[in-house]
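Asker: The task is simple: from the sequences and hints, build the whole structure.
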Amino acid sequence: MRGLYAAKPWFTRQLGRIVTVAVDRGWSPDAFTAAGVAFAAVAAGGLLAGWWPLVLIGLVGRLAGANLDGAVARARGVSRPFGFVLNEIGDRASDLLPSAALSIVAWQTGSLAALVLALVAITAASLPTFVSLAAAAAGAPRINGGPFGKTESALAVFLMSMAFSWFPADAVIGVGSVVIIAGSTVTAATRTRAAHRHLQLVDA
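All residue numbers for the sequence shown refer to my numbering, where the first residue is 1 and numbers rise by one.
Hints in this document: simulated from the structure, not taken from any laboratory.
All C-beta atoms, glycine included, are put in the ideal place defined by N, C-alpha and C.
Incorrect hints may appear among the rest.
Unchecked claim - Now the in silico label distances, taken between C-beta atoms and shown as ranges:
#1 ALA34 x TRP107: 23 to 33 Å
#2 THR20 x ALA113: 25 to 35 Å
#3 ARG142 x ALA113: 33 to 43 Å
#4 PRO168 x ALA34: 29 to 39 Å
#5 GLY16 x GLN200: 16 to 26 Å
#6 GLN200 x THR20: 13 to 23 Å
#7 TRP10 x ALA93: 21 to 31 Å
#8 GLY16 x ALA136: 45 to 55 Å
Answerer: See below:
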């Protein structure tokens with residue numbers, strides 16, 4: 001099961017004109033990594049301000065940046081190992097910023113349960129990537145996809161930002177956090193199983 005990750009090639013194709021311009025002008029892939037983090041900060045600001053259109057802009061920009069850095073690096077032929085490191089740092093920062101904003105909103109509600117769930121959700125959301133990186137370090141290919149990856153998490157955050165307009169914030173954060181925790185845990189388990197299969201083949 002690849003989840004919304006299966007739509008990544010389509011999304012990347014929609015950004016083709018930007019890739020072409022970046023190649024023609026010699027733009028650095030790292031600039032798109034930084035742009036992704038900046039857009040994630042915009043999404044976080046939208047969550048704190050309670051304005052979902054800003055959250056939408058920020059999350060779409062964050063996902064675009066995460067796609068463009070690799071696409072531009074490949075198109076320009078400048079892929080390098082340290083670029084992978086910068087990409088991962090940028091992705092993790094981009095994941096953390098909206099989640100941290102949700103934790104602040106949870107704290108502002110005065111609900112201890114909402115705050116705890118929001119903090120647990122931050123930890124759970126990092127598990128799929130942790131599994132992928134650990135598997136890659138052990139010799140397996142980088143494992144992506146699953147029922148609840150980066151794109152699904154961004155969608156959950158966006159839906160939560162919209163729901164704040166109609167429902168109590170503590171209830172929205174509680175339900176949204178449970179979804180993120182459950183989805184991320186299942187995805188981590190799915191990737192762990194896939195990693196185990198790959199590594200068994202390596203050892204065979």
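Asker: Indicate whether the distance between the beta carbons of PRO168 and ALA34 respects the range 29 to 39 Å.
Answerer: 36 Å, holds
Asker: Given a hinted range of 13 to 23 Å, is it respected by the beta-carbon distance of GLN200 and THR20?
Answerer: 42 Å, violated
Asker: Can you tell me whether the CB distance of GLY16 to GLN200 sits inside 16 to 26 Å?
Answerer: Given range 16 to 26 Å: violated, Cβ gap about 38 Å.
Asker: Using the beta carbons of ARG142 and ALA113, state whether their distance is inside 33 to 43 Å or not.
Answerer: This hint holds: roughly 36 Å between Cβ atoms.
Asker: Indicate whether the distance between the beta carbons of GLY16 and ALA136 respects the range 45 to 55 Å.
Answerer: 28 Å, violated
Asker: Does the beta carbon distance between ALA34 and TRP107 stay inside 23 to 33 Å, or does it fall outside?
Answerer: 28 Å, holds
Asker: Regarding TRP10 and ALA93, is the given constraint of 21 to 31 Å on their beta-carbon distance met?
Answerer: 25 Å, holds
Asker: Evaluate the given range 25 to 35 Å for the C-beta pair formed by THR20 and ALA113.
Answerer: 49 Å, violated
In this structure, the hints that do not hold are numbers 2, 5, 6, 8, in rising order.
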